[in-house]
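Undergrad: Chain by chain, the residues:
Number of protein chains: 2
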Amino acid sequence: MDIEKSIILEIFKDITFSDKEVDLIESKLKKLELKKGTTILQAEEIVNSQYYVYDGCLRTYFIDKSGKEHTLQFAINDWWISDYTAFFTASKAIMHIETIQKATLYRISRTSMEDLFIEIPQLETFFRKKMEKAFASFQNRILASLAQSAKERYLSFINTYPNIEQTVKNYHIASYLGITTESLSRIRKEISLD
Amino acid sequence: MDIEKSIILEIFKDITFSDKEVDLIESKLKKLELKKGTTILQAEEIVNSQYYVYDGCLRTYFIDKSGKEHTLQFAINDWWISDYTAFFTASKAIMHIETIQKATLYRISRTSMEDLFIEIPQLETFFRKKMEKAFASFQNRILASLAQSAKERYLSFINTYPNIEQTVKNYHIASYLGITTESLSRIRKEISLD
Numbered sequence: 111m112d113i114e115k116s117i118i119l120e121i122f123k124d125i126t127f128s129d130k131e132v133d134l135i136e137s138k139l140k141k142l143e144l145k146k147g148t149t150i151l152q153a154e155e156i157v158n159s160q161y162y163v164y165d166g167c168l169r170t171y172f173i174d175k176s177g178k179e180h181t182l183q184f185a186i187n188d189w190w191i192s193d194y195t196a197f198f199t200a201s202k203a204i205m206h207i208e209t210i211q212k213a214t215l216y217r218i219s220r221t222s223m224e225d226l227f228i229e230i231p232q233l234e235t236f237f238r239k240k241m242e243k244a245f246a247s248f249q250n251r252i253l254a255s256l257a258q259s260a261k262e263r264y265l266s267f268i269n270t271y272p273n274i275e276q277t278v279k280n281y282h283i284a285s286y287l288g289i290t291t292e293s294l295s296r297i298r299k300e301i302s303l304d
Numbered sequence: 111m112d113i114e115k116s117i118i119l120e121i122f123k124d125i126t127f128s129d130k131e132v133d134l135i136e137s138k139l140k141k142l143e144l145k146k147g148t149t150i151l152q153a154e155e156i157v158n159s160q161y162y163v164y165d166g167c168l169r170t171y172f173i174d175k176s177g178k179e180h181t182l183q184f185a186i187n188d189w190w191i192s193d194y195t196a197f198f199t200a201s202k203a204i205m206h207i208e209t210i211q212k213a214t215l216y217r218i219s220r221t222s223m224e225d226l227f228i229e230i231p232q233l234e235t236f237f238r239k240k241m242e243k244a245f246a247s248f249q250n251r252i253l254a255s256l257a258q259s260a261k262e263r264y265l266s267f268i269n270t271y272p273n274i275e276q277t278v279k280n281y282h283i284a285s286y287l288g289i290t291t292e293s294l295s296r297i298r299k300e301i302s303l304d
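Just so you know, the sequences run in chain order A and B.
The numbering of the first sequence is our numbering, which starts it at 111 and goes up by one.
The numbering of the second sequence is our numbering, which starts it at 111 and goes up by one.
Mixed in with the good hints there might be a few duds.
No copy is singled out in the list; a pair is fine if it fits within one copy or between any two copies.
No farther apart than 27 Å at their CA atoms in a straight line, the calculated lysine-lysine pairs in the DSSO-like style are these [claimed, not checked]: (1) Lys212 / Lys279; (2) Lys239 / Lys178; (3) Lys299 / Lys123; (4) Lys299 / Lys175; (5) Lys243 / Lys175.
It is worth saying that the hints were derived from the structure and are not from the lab.
These numbers were taken from a predicted model, which means no experiment stands behind them.
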């Protein structure tokens, strides 16, 4: 179980736990080793868990009425992922989440989190701060969608997700940026000439 | 001071406080009565506070390199407002916030909040839940910008901010939706004919 303990310290870095607390957290986490292309959440499912990405890469996407996919987010090592709107309210997902690479995840349920917050208040602070960062990144994303060109948004995508381009399909990146794959190719060509 | 106490209970509804706790919160809140058109935050300022909107209406906006304004958010009664990216990290604002109506606000600083979280852990839970809701609303906004038409985004704007249209200038609404004022007029005409 020593490996698990070192992973717990890695997930919740900057927190000092007692051995008893580590055991408690361990009892709440479920390790998942998943193949590429595994769907971990489907729209219309009740969302009771969030996932820590230990390695691999995942994609959260939304399918609109016309059947078109829109990528909301990618998640790489050390990110948490879920359909948070549904997770926070214990309601039905509007999004799908799939692995786009072989992935190792740690799942935790909302009720486990609530139990842990009572036993280990530092964890509530930890998740509040995670949420603040995620909120800030969404705020910047909204500003970018209002104020930036597609080229600027692409550059900031590369910055947010370094080395992800080898892993991710072009149409996923295009759907994350809200542009066509043709526009994405044009932007890449422009940048290579800059 | 009885009025202040009832306001504190209104701001933090669903929490039961002792009298001592109410006094403590009261000592951390600063009431502001502001005229229409008052700037409460400017880009480049260090952000140390957030604001509870008791009444009135405010607007958070970003000015891009070309000098164009982009409205990120409006805040009405019972909303909290700040440049949260900067607030959470105690860094410089990238946004401006102004009253677009006479407003009554309650200001609280980050350090006061941290003090309160230690004394009254329920407040940390309260703000975590607020943050979760705000995060969910930003998530929906990003999805909307990827997947919805301008008309659908306008209808959801009206839904989010009922009765705000009398208060807010057309170009503020257009800049929130990421469209021109001409497109906004066209959408309104379409809806009135539906």
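Undergrad: None of the hints should be skipped; say for each whether it holds.
TA: Outcome of the hint check:
1. Lys212 / Lys279: Within one copy, since 15 Å is at most 27 Å while 50 Å is not.
2. Lys239 / Lys178: neither (33 Å within a copy, 32 Å between copies)
3. Lys299 / Lys123: Answer is neither; intra-copy 40 Å and inter-copy 55 Å both fail.
4. Lys299 / Lys175: For Lys299 and Lys175, only the inter-copy Cα distance (24 Å) is at most 27 Å; the intra-copy one is 32 Å.
5. Lys243 / Lys175: Result: close only across copies, 25 Å inter versus 31 Å intra.
Violation of the numbered hints given earlier is confined to hints 2 and 3; the remaining hints are satisfied by the structure.
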